[in-house]
Structures are given as C-alpha cells and as structure tokens.
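Participant: Each chain, written out:
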Amino acid sequence: MNEYCDVNLTVNGERISERVEARKTLVDFLRDDLGLTGSHVGCEHGVCGACTVRVDGVVVRGCLMLAAQCDGAKVETIEGVSDTGEIADLQQAFEARNALQCGFCTPGMLLTAQELLARDSVPSRDAIREHISGNYCRCTGYHAIVDAVEAVAKARAGERE
Amino acid sequence: MDDAVRLLQEHGDGAKILAGGQSLIATLNMRLSAPQILIDINKIEGLGGIALKDGFIVIGALTRHAEAERSNLVAKHAPLLAKAIPQIGHPAIRNRGTIGGSIAFADPAAELPACLLALGGEVEIAGATGKRTVKADDFFRGLYETAIGPGDVLTAIRLPAATPQMRCGFGELARRHGDYALAGLAASARSEGGKLCDVRLAYFGVGLTPVRPRKAEAALANGDIDAAVAALDGDLDPPDDIQATGKVKKHLAGVLLRRVFKQMVEPRA
Ligand SMILES: Cc1cc2nc3c(=O)[nH]c(=O)nc-3n(C[C@H](O)[C@H](O)[C@H](O)COP(=O)(O)OP(=O)(O)OC[C@H]3O[C@@H](n4cnc5c(N)ncnc54)[C@H](O)[C@@H]3O)c2cc1C
Ligand code: FES
Ligand code: FES
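If you read the sequences in order, they're chains A and B. With the working numbering, letter number 125 in the first sequence gets 125, and the count goes up by one each step, no holes. To convert, take the position in the second sequence, counting from 1, and add 1000; that gives the working numbering.
The hints are simulated quantities; they were obtained by calculation from the structure and are not laboratory data. Some clues are possibly wrong.
[Claimed, not checked] Taking lysine-lysine pairs in the DSS-like style, the calculated list, with each CA pair at most 25 Å apart, reads:
# : chain 1 : residue 1 : chain 2 : residue 2
1 : B       : K1016     : A       : K24
2 : B       : K1016     : B       : K1053
3 : B       : K1043     : B       : K1247
4 : A       : K24       : B       : K1250
5 : A       : K74       : B       : K1043
6 : B       : K1053     : B       : K1135
7 : B       : K1053     : B       : K1131
8 : B       : K1135     : B       : K1016
9 : B       : K1043     : B       : K1053
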C-alpha cells in the first residue's frame, strides 16, 4: 500500500488539493502536511479521542479515517472552530473552571462536547459523562470538564429563552 | 458494487473491504494487518438506508451505528437494536462505524452479532456467483470467521420486525462505558398466554462467536429461570481472556440472564 491518491477537500473552509499516501491517516495529514497541530495523536487506535475532528458535520476519530477517504469532504479542526468563534463560550468555560491542565485532550474534548450541546440543549451530567466517555483526560479527573460543559449548556439555553 | 466484487476476486487475500474503518484502520495502525489494497465501499450507492419490507426491517451495510441509534424505524420495529447500539464504543465511533462492518467483523465481544442471532435475522451477501441470504444461525462460524467468503460483500441485514407479542431483553457488563463487554446477552421471545416461547438467547464475550445456550433457552420456555441459570453451566464454556477468567464470565452470564429475563416478563408500560 504505497500508492498515492489525489484528494480535494475543504479544511476549515479552505479548499485543499493534495496528493496523499494512501495509507496516511487524516490526523497525520492534518498535522504533517497542513501544519494543523491542534489535533493530537495519542493511541492511534481509536481509544483516547485526542485526534478528534469533524468530518461533514460529525465528530470522528482522525486516526481511524484515511486522508484518501476525505475526497469531497468538509473537515473542521479545533483551529477552524476556534477561528469562527463557534465554541468561544465553551473555551472560556474550560479556562475559567480549570477544565484543562496539559491541554493534550482539550481539542478533542471541546469538539466532542460541542456535538452534544448542539443536539441536546441541556444534557444531564450523566449524559455529558457518557458523551465524553471516549475522550481520555489524564490530568483533570473530568469533574471540571463536566462542570464547564454543563455551565455552557445552561448559559446557551438561557440565551435562547 | 460489481467493481468491488471484481477487485476482491482479483486480489484474493491481499484485498480488504474498508467500511467504517473503526476496527480495520485500528489494526492497520497497529500493523496487525497489512492488506495490499483497501476497497473503500463508502461511496457505493444502495448500501445504506433502513427500511421496513415484508415484515422485516432491512438495514443496509453502510448504515452508521449513529444513524440506526436515532432511527424511528429501528426504535419501533427493532427495539433490541435500539437498546444495544448505545452500548457500542463511544459517540465518535458510532458516527463512523457501520452495522455491516460490525456483523462482518464478528468480534466475539460485539453487541450486534449477538442481536442478529437473538432475533433470528438474516444476512444478505453479494458475491461473484450472485446474491444469497444466510440465516444468523449459519452465519457465525468461528473466531472472526463468518459465512462471508473471499470475494463476498455483506450488503444488508434483515431482522424480523417486532410484533406486539415479541419480547426482547439486553444486558452487558463492561468495566467502563464504551468498552467491549466482559459478557453480554441479547434475547428475544414471543409471549403467549403468560409464557415465553421461541426463546432465543445470544451471549457475547463468552466464546469465539456469539453463543446460544440451548438448554437454558428450553428452561426459560418452561418459565424456570433458576433451571435456566443452572443450565448455563453446561451450555457455556467461556475461555479466559485479558478481561476476566472463564469462571467469572460464567457467573456474569447467570447474573445477566436474570436481568434480561426480568426485562422480558415485566408488564410493558
Ligand atoms: C475505541 C473503540 C471502541 C469500540 N467499542 C466497540 C464496542 O463496544 N462494541 C462493538 O461492537 N464494537 C466496538 N468497536 C468497533 C466498532 O463497532 C466498529 O464499527 C465495527 O467493529 C466495525 O465496523 P466498521 O464499519 O468500522 O468496519 P471496518 O473497520 O471498516 O471493517 C471491519 C472488518 O469487516 C470487513 N467488512 C466491513 N464491512 C464489510 C462488508 N460490508 N462486507 C464484507 N466485509 C466487510 C472489513 O474488511 C474488515 O475486515 C469499537 C471500536 C473502537 C475504535
Ligand atoms: S489517537 Fe485517535 S483515538 Fe487516540
Ligand atoms: S488536560 Fe491533560 S489530558 Fe486532559
């Protein structure tokens, strides 16, 4: 499998055309070829969630998708959603509540939490825990993360009223 | 679709189908498998979708777990699946992983193969010689081995749609939410005059394939849950694995049977 494939996709709204090695994962492509190092690489087999990105609107493992499969896809990374301000409130809440320490898990955690918040307006703490169960954090013990996500859910629901 | 089957024929063992990639790419990354070519079936038309047809709920191979999880058709006509799918991995895995991939991969600890077996469903396969349908009881052959041969593509699964008499139950024990189960049980039966008949139990995580404990099924049909739990001793022979010893798994199987039986006989809300 040393073949190459041509891919055309958008990454954070920008059109990209590249030739990629057929076996390269999406997260390696984002980091090595595009210099988008906000998506991290931990376990490389789907367990830790550090590589989380959004493809065509849904959160996926960047290490379990090949770059070659993203032809025609719309890919969004933490850099993109930070720039658009989509999760500014969530990022502030993480900072305010010390929901990050080393920050390794944070990009994946934010994108995963945002997916839940977009679907379920005020999820229970259990639902939040369950939703982030595939994103490992070795520093915070999760409590502060759940606090931050819950606070944002309530704040956003308040704004909608 | 024809191209996929042709490529599989041409490349024999060197070719692998790539569906959701949630198992396959993990094994590639760990260098546990090294196919010469990957045949990505994600853009093949007609392999997705969920439909109710002739008393069956038909789920296309490429249907993502997340889509089935949120499907009203599944909730109404395949309640067993609706109970089981949220237990598969994590949301990001379910966004990408496919129903067909889970069945084809046939991980002995996976939820969906056991559900297919408990419901007495069928698998639709397309191969070089055309299409065929294989019953769940004949589909799972050994560890990661199924009736899918080289050159075959699983195209859909068919599950008998639930009837008002149908009862189902589901339980699993895992160390953490989203982990593969230590042991799990999917079950279906028909309720008739206060008794269960056509009891089908399918354990996962306790053997090389999903396993039907036939003596326990017969005991449950007699309404004797204690005898059914006792019968598991002869029905199951779980090997030790990294998560638990066979002895512990056997014990858990009994715990699960009581829980699942309760779900099946409780009056429905
Ligand atoms: C962290 C993590 C946790 C997980 N937890 C669970 C869990 O708790 N329970 C569970 O059941 N699963 C779990 N999974 C696996 C997940 O459900 C996968 O989606 C599933 O096992 C395989 O589906 P896929 O579509 O990703 O298949 P792929 O990974 O694309 O393929 C798997 C295998 O099946 C073959 N294949 C796929 N589709 C077809 C087809 N249509 N016809 C013929 N062959 C085909 C492929 O060639 C390959 O050999 C987990 C995965 C990860 C990464
Ligand atoms: S690096 Fe992808 S899940 Fe761990
Ligand atoms: S902040 Fe360090 S892993 Fe989560």
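Participant: Check the structure against each numbered hint from earlier and tell me which ones fail, lowest number first.
Facilitator: Per hint list: 2, 3 and 4 violated.
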